[in-house]
Amino acid sequence: MIRTRSLLQSTLATALLSAAVWAPGAQASITSMLDFEGVTPVALNGGESFSVGDYRLTAMDSPLAQAYGFTGGAGQTMDGASSCGVIVACPSGDASRYYAGTNDGSVNITAAANDLQISSLKYAFLAPIGGLMDFTYGQLVLTGTKLNGGTITLSRDFAGQDPQGNFMFDTWDLGADFAKEHFSSLSISACLFNDAAVCINSATDSPMNQAQFAIDDLQMTTVPEPGTAALLALGAIGMAMSARRRLANKALPQA
Amino acid sequence: MKLRPVSLGVLALVTTIATSIHAQEVRRPYIVQLADKPVATYTGEVAGLPATKPASGKLNVSAADVQAYMAYLDQKQASVQATVANAPVLYQYNTVFNGFAALLTDAEVRALKKNSEVAAITVDEPRKLETNYTPKFLGLDQPGVGLWDKLGGKGSAGENIVIGMVDSGAWPESPSYADRVDANGRPTHDPSGTLAYSAPPADWHGACETGPGFTEAHCNNKLIGARFFNASFLAQNKTPHYSDFASPRDALRGGADAGNKGGHGVHTSTTAGGNAMVAANLGGIPVGDASGVAPRARLAVYKVCWSYLDAGADDGSGVSNSCFTSDSVKAIEKAVQDGVDVINFSISGSQTNVLDSVEVAFFNAASAGVFVAASAGNSGPGNAVAHISPWLTTVAASTHNRFMGANVTVPGAGTFQGASYNQTVLADVPTILARNATVTPYASMSADDQKAASLCYTDNDRASPSLNPGGKITAATRLDPAKVTGKVVVCDRGVTARVDKGAAVKTAGGAGMILADNGAGLVADLHVLPAVHVSAADGATIKNWVGAHLDATTSMTKAAASVGATLAPVMANFSSRGPNKGDLNTLKPDLTAPGVDIIASVSGPGDQALRDAIANGTVVPDPAWASLQGTSMSSPHVAGLGALLKNLHPDWSPAAIKSALMTTTYGTYNDGVAGMSNGQLPWAQGAGHVQPNSAADPGLVYDSGRTDWLRYLCGLGKLAANSATCTTVGAIQPYNLNLPSLTIAEVLGKATLTRTVTNVGGAEATYTASANLPGYTVTVSPSTLTLAPGAQGTFTVNLTNNSAPQGVWRYGSLTWSDGAHTVRSPLTAKAAMISARSEITSEATSGTQAMTIGTGYTGGITVKKAGLKPANRTTGNVVTDASPDGGVSACKAGGSASVVATNVAVPAGALAARFQLKDEDTSGFKAGAIDDLDMLVLDGAGNVVGNSGSATANEMVTLTAPAAGNYRVCVIGYAPHNGSATYTMSSWVLSTADTGGNFKATAPALVFTGGTGTVATSWSGLAPGYSYMGAVQLVGAGNVSSTTVVSVDATDPLPAANLAKGQAPAN
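Same order as they appear, the protein sequences are chains A and B.
The working numbering puts the first residue of the first sequence at 1, with every later residue one more than the last.
The working numbering puts the first residue of the second sequence at 256, with every later residue one more than the last.
By construction, these hints were calculated from the structure, which means they are not laboratory data.
Mixed in with the good hints, there may be bad ones.
[Unchecked claim] Okay, the calculated beta carbon distance ranges per label pair:
(1) A:Ser51 to B:Gly1220: 55 to 61 angstroms
(2) A:Asn194 to B:Asp1307: 43 to 49 angstroms
(3) B:Gly930 to A:Ser51: 38 to 44 angstroms
(4) A:Phe135 to B:Lys1181: 52 to 58 angstroms
(5) A:Ala203 to B:Thr1039: 38 to 44 angstroms
(6) A:Ser51 to B:Ala1152: 54 to 60 angstroms
(7) B:Pro905 to A:Phe135: 46 to 52 angstroms
(8) A:Asp157 to B:Lys1181: 55 to 61 angstroms
Predicted model, so just to flag it, every value in this text is computed and none were measured.
C-beta: ideal position from N, C-alpha, C; glycine also.
All chains should be built: construct the whole structure from the sequences, respecting the hints.
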């Protein structure tokens, strides 16, 4: 199954690469690092937003809170040098300003041009207390909503601790396949492993406010003004995606 | 309240007691053995009393059967002693020997020989009896099983271990400090004696500092070090009292001058490590042999406490003896450098700050492997435990069961036993109530005088502002010689010193006194006239009879020592109680030890002329002894035990020694105190009463060291999480520090505590856990540990609240047992709904803070916020305040030039209020000196709702969720520089109507039982140069709320001093 998907993704990548080459609009895309340094420090309830350049970040309540209609704190900017006085478990490896998703919440990222790509980011587990054993408690989860609908989800284990017992920031190169995807929005959240080693964060399986993450230095690309060329490119992507879906369906019985 | 020096007045002993007791008949020391078997060999011959001889291993003295048989023996002994009622009984035995030691006349010996209960009478020569009772009470001298025996007997117990005493110095003439012995093996300073100690240990680097009354010749191979530290004291510009010496010599004690307040350091040092076989006497009354707990230890004294003129001294003597912090810190540092193994610190300390400078000094001492014992404080039964840092052993005080008592008979009322050192028999002396013996008839007195009439004030007591605030008690209450002469007077305990009451009766011509207790417990004192201190209940019976019978009479016996007549140990009423006000998640005090009626050496009495003669070396003063009480007295017992354990286990860390002492304790008897101050709760007795013979072989220890303590400080927030130290060592939750006590202040539905034990036994052993805590399901995982010698095992204790109410402490225990060892820890927990930090601080004009909260329910949570708001700054001027109550009454009355009042309105729904003074905002600080200002806050009804009394002008009072009303803030000129200070006070009153700085606070949408959540605050756009405050209130299930103050000081503030005022020996 995994091998099959890899093959499919290679195929897809080829198609996307071709699309990019074909699309003159891609020449106008801007790649930048979203590092939060210029952001006014802010604490966010679910549904509240702030902007960084061409991007807008919206904190989202946990799936459980959303299901029951509760709203509360779901994210904030943090300063590695000064925000950690009362969370004794701030991650190590980032003394600058970064974003923290808290209380099982997620952050939803959109671009003014309704088109964004992401190739890498720094991320860490934001533990509620210090003194935890060195263990992989969960994963960071990236869910991209593609321009033509449909989503792709990618997840990766949080890094463990440094020798001092602090959870470390890690850099995640998302890989060429994911990096080439154009999204209308990107959701970033965390999940925690339960006893059955299933990583949970849903309305029926709550990690009880402890699925928390820190992110920084998101390598993002967006298109300032969508135009004809871009639409052409989108069309190409759409074709490639439907091809992928067909192949995937076909591959399943072999797994 | 303010740290006023603790009064020594109640302990001042009067030395003018009649000493003619030997004149009539010659008494000689004998040991009287009785027919019944002692506890250790008793096999159950008496009907109804099971055997107490241990089948194997050690005798469990606290077992019910043992206690029952001891009570039986005590009763039998009492009946025999009653046939020789005038004989001073030095000592009573029941464990390995059944009988007593007494000073007997020839006629009494003959009478006893005819008594069928008596098995044998032997001459007490040479005396081997350790009549300073506490080593025996602790069981140190039990043959075979006693800790002394394990170390080769008292002739080697503590060998080459050096105990450093940071206290008020030494009185080198005491035989307790001698390094020679006479032909009978008794310690002596006589140069012709045999040297009993070799040269100090090779790694000893101490020195013998000299000065008035102290030369190098005063040090020897027992008292191997003597230093004094007075830089800070001299800097206070106090006038030294003549009784003191600018040298390691302790100040004079007692005599005609109530200002002679030395002797504390002599008492504590000889208790910890004084020689054995020192014949002690109290005011000329022989009380048998005294011994330190570690009699072969070497002693080094570090004098830091000084006597000086102090018009505000609580006892009206005009003299205080205090110990200044930086002198203490230097002394501790020096002691560690010199190479001491153990430090005793019987001086008060911070009740809230684990990083107080003295505690930091002890952190380093303990890190260097020095075992530190410190006194819990004498502010009980209030919640005022001091020395709260986890790296030292904090000692509470409890009773032992040697009882110096006499009988008092009031025909018609009965015969009562009470505490006494009385040496004069009274027969049928007319008796009167104090209230019926005053110069003005009781019925004609003011209400204040009527209350005081039975308390037997002296004229000096009435003149003392602290004993007679406002002078409301008048001379109408003076005892009238016309009514008192030749009579026994019945006085009530309370307010004034017990010995003062005796003095008042004697001044009026009285023949004796019956002192009726007020519930605080019986104490034997050396009174200036025959006196017996009876219980409150017995006192009431006596007073009823005497009050109704003008012809009432009293007879009084001589005092005799008896053992076991009272249940012991019982926590002393004065012993300061927990919880730990600096960290609710660590237990303080750690344990208790004997601290009531402790006999040891003190300084001698004297006057200016004698003092000068001692100072210039023309007079060699006599040794002296006194019976004192206090946590100052219990702490050196534990220091001595630390020395013994270090001697037995040189590789044990200070934490291991502390663990061994704590996990082998037993519980005290009920002291009857209500509520959380009850003596049987861990707040009073810690883990329990020391049982050193078990501590020698505890099985397991809970060890910890420097890195663990640093992690603890990081987790506690005392070291910043992003500091270099914390990023290097990491952090742990305070309740997870590896202490031999388990305490958690906020169980949010469930909690997990982690501990690690080390097998210090000689063989592999399998331990099984058992744990209980009412209201909780407790599991230990793993529940068994099999550990090779030296191996460690880590386990968790998991608590799940099944019925414990919110906010109420529950008390249980965790015990590991392998069949041979019982390793017991107190387990103490309180359930909570919301757990949040009380304060968030920042110095940034914009920023965010993330705060983890704990929650004990599942559901929604709401958040209220106030601020950020700049300080309201008001400037004032204050002059020196001399009011005896620290300014409280002046503040209530609306203020004065020395107690400057500011009225503050607090609106309904306010979230917080804060009032703050800073050194840099005072004129003295700006002039390069220090203003010592204090602060007091009263609510609308005049109740004190907050106070702050540090040694500088850094003062702060914070009120959370204050009720609406008109409050009053008073700035008190405790000691402004040059008598006057101009200051600027910052104040904030915060309600939800206050907004500013884009301040925002968020709380989790949902919280969970036993869960956590992140509360975020953010702000921006603050102006530099101002100090801002905000508040966040979380409201959860059942309207339970929790308030967190947000302090953003954008003034780039200076590091703040956090000094406690001068401290007095906590005796």
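So, going through the hints one by one against the coordinates:
no., hint, result
1, A:Ser51 to B:Gly1220: 55 to 61 angstroms, "violated, 46 angstroms"
2, A:Asn194 to B:Asp1307: 43 to 49 angstroms, "holds, 48 angstroms"
3, B:Gly930 to A:Ser51: 38 to 44 angstroms, "violated, 57 angstroms"
4, A:Phe135 to B:Lys1181: 52 to 58 angstroms, "holds, 54 angstroms"
5, A:Ala203 to B:Thr1039: 38 to 44 angstroms, "holds, 41 angstroms"
6, A:Ser51 to B:Ala1152: 54 to 60 angstroms, "holds, 59 angstroms"
7, B:Pro905 to A:Phe135: 46 to 52 angstroms, "violated, 39 angstroms"
8, A:Asp157 to B:Lys1181: 55 to 61 angstroms, "holds, 58 angstroms"
When held up to the earlier numbered hints, the structure conflicts with 1, 3 and 7 and fits the remainder.
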